[in-house]
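Chemist: The listed protein sequences derive, respectively, from chains Y and G. At the far end of the first sequence sits residue 518, using the numbering used here, and the numbering has no gaps. At the far end of the second sequence sits residue 329, using the numbering used here, and the numbering has no gaps.
Quick caveat, the hints were computed from the structure, so don't treat them as lab data. The beta carbon of each residue, even a glycine, is placed where N, CA and C say it ideally should be. Incorrect hints may have been included.
[Said to hold, decoys possible] With beta-carbon atoms standing in for the labels, derived distance ranges:
#1 Y/E241 - G/L221: 21 to 31 Å
#2 G/Q130 - Y/A326: 35 to 45 Å
#3 Y/W493 - G/A282: 57 to 67 Å
#4 Y/S449 - G/Q130: 38 to 48 Å
#5 Y/E427 - G/A282: 32 to 42 Å
#6 Y/S62 - G/D211: 48 to 58 Å
#7 Y/E334 - G/Q130: 51 to 61 Å
#8 Y/G398 - G/Q130: 27 to 37 Å
#9 G/A132 - Y/S62: 33 to 43 Å
#10 Y/H216 - G/G222: 29 to 39 Å
#11 G/G214 - Y/E334: 31 to 41 Å
#12 Y/A213 - G/G216: 34 to 44 Å
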Amino acid sequence: MEVKSLQFKARAAERLADPALQSKLKGAKQLFVGGRARVVAEFDQVGQAGDFETLRGVGADIRDTVLDDLDAWLEIFEARATAGGATVLWARDGREAQKLIVDIAKRHGVKKVIKSKSMLSEEAGLNEGLEAAGVQSVETDLGEYILQLAKEPPSHILAPAIHKNKEEVDELFARYHGRPVTPAGQIDIPALTREARVALREHFLSADMGISGGNFLIAETGSVALVTNEGNGRMVTTLPKVHVAVVGIEKLIPSLEDLSALLRLLPRSATGQTISNYVSLLTGPRAEAAEEGPEHMYFVLMDNGRSSLVGSDFQEMLRCIRCGACMNHCPVYQSIGGHAYGWVYPGPMGSVLTPLYNGLEKAPDLPQAATLCGQCSVVCPVKIPLPELLRKLREKQMEGGLRSWQEKWSLKAWGFFAARPRLYALATGIGARVLKVMGGDEGRIEKLPGLAEWSRGRDFPAPQGKTFRELYAARKDLH
Amino acid sequence: MSARNDILNRLGQRLGADQLAARRARAEAALAAHIGQPQGPRPTPGADLLAEFRRRAESLASTVEVVSTWADAPAALARYLAEKDLPRQGVAWPSLGHLDWAGAGLEIRLGAARGDDRLGITSCYCAIAETGTLMLLGESDTHAVTSLLPETHVALVPASLLLWGMEEGWAKLRAERGTPPRGVNFVSGPSRTGDIEQTLVLGAHGPYRVHLILLQDC
Numbered sequence: 040m041e042v043k044s045l046q047f048k049a050r051a052a053e054r055l056a057d058p059a060l061q062s063k064l065k066g067a068k069q070l071f072v073g074g075r076a077r078v079v080a081e082f083d084q085v086g087q088a089g090d091f092e093t094l095r096g097v098g099a100d101i102r103d104t105v106l107d108d109l110d111a112w113l114e115i116f117e118a119r120a121t122a123g124g125a126t127v128l129w130a131r132d133g134r135e136a137q138k139l140i141v142d143i144a145k146r147h148g149v150k151k152v153i154k155s156k157s158m159l160s161e162e163a164g165l166n167e168g169l170e171a172a173g174v175q176s177v178e179t180d181l182g183e184y185i186l187q188l189a190k191e192p193p194s195h196i197l198a199p200a201i202h203k204n205k206e207e208v209d210e211l212f213a214r215y216h217g218r219p220v221t222p223a224g225q226i227d228i229p230a231l232t233r234e235a236r237v238a239l240r241e242h243f244l245s246a247d248m249g250i251s252g253g254n255f256l257i258a259e260t261g262s263v264a265l266v267t268n269e270g271n272g273r274m275v276t277t278l279p280k281v282h283v284a285v286v287g288i289e290k291l292i293p294s295l296e297d298l299s300a301l302l303r304l305l306p307r308s309a310t311g312q313t314i315s316n317y318v319s320l321l322t323g324p325r326a327e328a329a330e331e332g333p334e335h336m337y338f339v340l341m342d343n344g345r346s347s348l349v350g351s352d353f354q355e356m357l358r359c360i361r362c363g364a365c366m367n368h369c370p371v372y373q374s375i376g377g378h379a380y381g382w383v384y385p386g387p388m389g390s391v392l393t394p395l396y397n398g399l400e401k402a403p404d405l406p407q408a409a410t411l412c413g414q415c416s417v418v419c420p421v422k423i424p425l426p427e428l429l430r431k432l433r434e435k436q437m438e439g440g441l442r443s444w445q446e447k448w449s450l451k452a453w454g455f456f457a458a459r460p461r462l463y464a465l466a467t468g469i470g471a472r473v474l475k476v477m478g479g480d481e482g483r484i485e486k487l488p489g490l491a492e493w494s495r496g497r498d499f500p501a502p503q504g505k506t507f508r509e510l511y512a513a514r515k516d517l518h
Numbered sequence: 112m113s114a115r116n117d118i119l120n121r122l123g124q125r126l127g128a129d130q131l132a133a134r135r136a137r138a139e140a141a142l143a144a145h146i147g148q149p150q151g152p153r154p155t156p157g158a159d160l161l162a163e164f165r166r167r168a169e170s171l172a173s174t175v176e177v178v179s180t181w182a183d184a185p186a187a188l189a190r191y192l193a194e195k196d197l198p199r200q201g202v203a204w205p206s207l208g209h210l211d212w213a214g215a216g217l218e219i220r221l222g223a224a225r226g227d228d229r230l231g232i233t234s235c236y237c238a239i240a241e242t243g244t245l246m247l248l249g250e251s252d253t254h255a256v257t258s259l260l261p262e263t264h265v266a267l268v269p270a271s272l273l274l275w276g277m278e279e280g281w282a283k284l285r286a287e288r289g290t291p292p293r294g295v296n297f298v299s300g301p302s303r304t305g306d307i308e309q310t311l312v313l314g315a316h317g318p319y320r321v322h323l324i325l326l327q328d329c
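Build out the structure end to end from the sequences listed, making use of the hints.
Modeler: Printed below as a string of structure tokens:
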């Protein structure tokens, strides 16, 4: 997928001015934030006190255990998956993954592919690659199906069509299912869902190949684990004669017990569920005597920038289990939605991953698109220090000369004064008094010189004329 | 260089090319230590597994009826179908062929469900009380499609197959089968989606309803 993060500011501004999107984001926030809080509190109640906190630490340890020795673990996985009858293929980047999958489709004479939701396949632009090779590729997650019809990328990793309302969905279905548009006020969400079910059932029963992502790869058994609510993941991996799981090399975990522990974290953090409706563990192709299941199973293990994070300052980012809690809880995401971020992954995890996978110069605003309030790291089920990583990216931008000269010089000037306490006191003393005068009777400054952009949307509350240090010194004298 | 070797080499260089042997040893040791060892805190089991399973399953929109033995199941199912006004034809796992379906007025085919079957009847490999979940193995007489394609999924769950957590399910699987079959499916209630305006709708692609008949003396 093309990176459009350079236009972040313009795209964010458009979304801020879109009242329909704002109301959808508000609804989603209440649902996800409230849902998570409820199940986490319940978990602590039934377990020992502070359980979920401990579990988050265990989740982080499980992920680190593998990431610290990733090459050795991948060898184990490959050997066991192969022993189970699967074919393990490797892709350095999205283009290679595309080519491998198109080749598999050709080898098996595949005309139609059904896909369950995979953000990695968005990275690789897989649908476009398959269509270009003459293979029909149908997204089967309801949200992804809607977006495929609308020709839009997802705006949330769990609820990809969160930016669409039922009227828009009805219009799309009318156009593509060949029926009239439903009159306003009569659109029924269960009826739309049933309509998609009927349309997609046809595809499920007639496809020759299923492509899934993978929530986890399990070294112990050489399997992929899939977590879904709709059941499309099960269809995609059970009905067609070929199953391809395209998964990032970092998704590996040791054992089935690790899977159970991470499954206590993932649905709670993601959708506020104690467990997702369907959890499937898929290992190799069908047994010879079996009447169902794919005859061929392939793993495509994709790197696409992941290996460069291993052993770096950003390795912790690879712990990510794609729950979406960081974006659900992020005040920036809550205000602008997912499309503004300009690539596959939005929110805090996207602001870290997009520049790391595509180059800092392609996403200069994303590390800045954070208030560093810390909510994301508080809710992250595997304790990724997201604000810390964003700060490290800002440092790299500065070192790489990727910030404006104004910003660099202001920071330099600030550094000069901060290293000279007397001068600092003098300068801030003057500043506080000037700003007080500027604030006038109202005590508010409408236009801040040098920071016009900042004060365009809000007033700057004027200081009251004395600096903190002056007030502190005065109070100390009182005692 | 092949993509495989290239990726592994890149990782090796970042992690220390000369320490691969140490990493392999560490990974093998960690794997051995993790297999069969529950990781992290788990909710504590309730005293009554059946009650716990029922409470959890109902909270995930499954319906539950408790009867005594296998022989009671066909009549219980017939009552459920009548009450919901659902068709009396369906498909069941061949492993359930010993039950007298016809005697309860039901027309049940044994085999794998097809796209147009309205009712699918299964049992389970075991059931997980912690989350109200069925653990199903897709094998030659326990088809995965039967719990997936029909609009109604009914599962007969002997109380002796109730376990506390998923970990106990893995232990049973390792002891009885060694390695997992192609498909191990955990099912927790009817298929659902919230993809249109975050409005919850049951019956996205899989069953609209999941009815559990618990056999408390089996």
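Chemist: A separate judgement is required for each hint: does it hold in the structure or not?
Modeler: How the hints compare with the structure:
no., hint, in the structure
1, Y/E241 - G/L221: 21 to 31 Å, "holds (26 Å)"
2, G/Q130 - Y/A326: 35 to 45 Å, "holds (39 Å)"
3, Y/W493 - G/A282: 57 to 67 Å, "holds (59 Å)"
4, Y/S449 - G/Q130: 38 to 48 Å, "holds (45 Å)"
5, Y/E427 - G/A282: 32 to 42 Å, "holds (39 Å)"
6, Y/S62 - G/D211: 48 to 58 Å, "holds (56 Å)"
7, Y/E334 - G/Q130: 51 to 61 Å, "violated (40 Å)"
8, Y/G398 - G/Q130: 27 to 37 Å, "holds (30 Å)"
9, G/A132 - Y/S62: 33 to 43 Å, "violated (58 Å)"
10, Y/H216 - G/G222: 29 to 39 Å, "holds (32 Å)"
11, G/G214 - Y/E334: 31 to 41 Å, "holds (39 Å)"
12, Y/A213 - G/G216: 34 to 44 Å, "holds (43 Å)"
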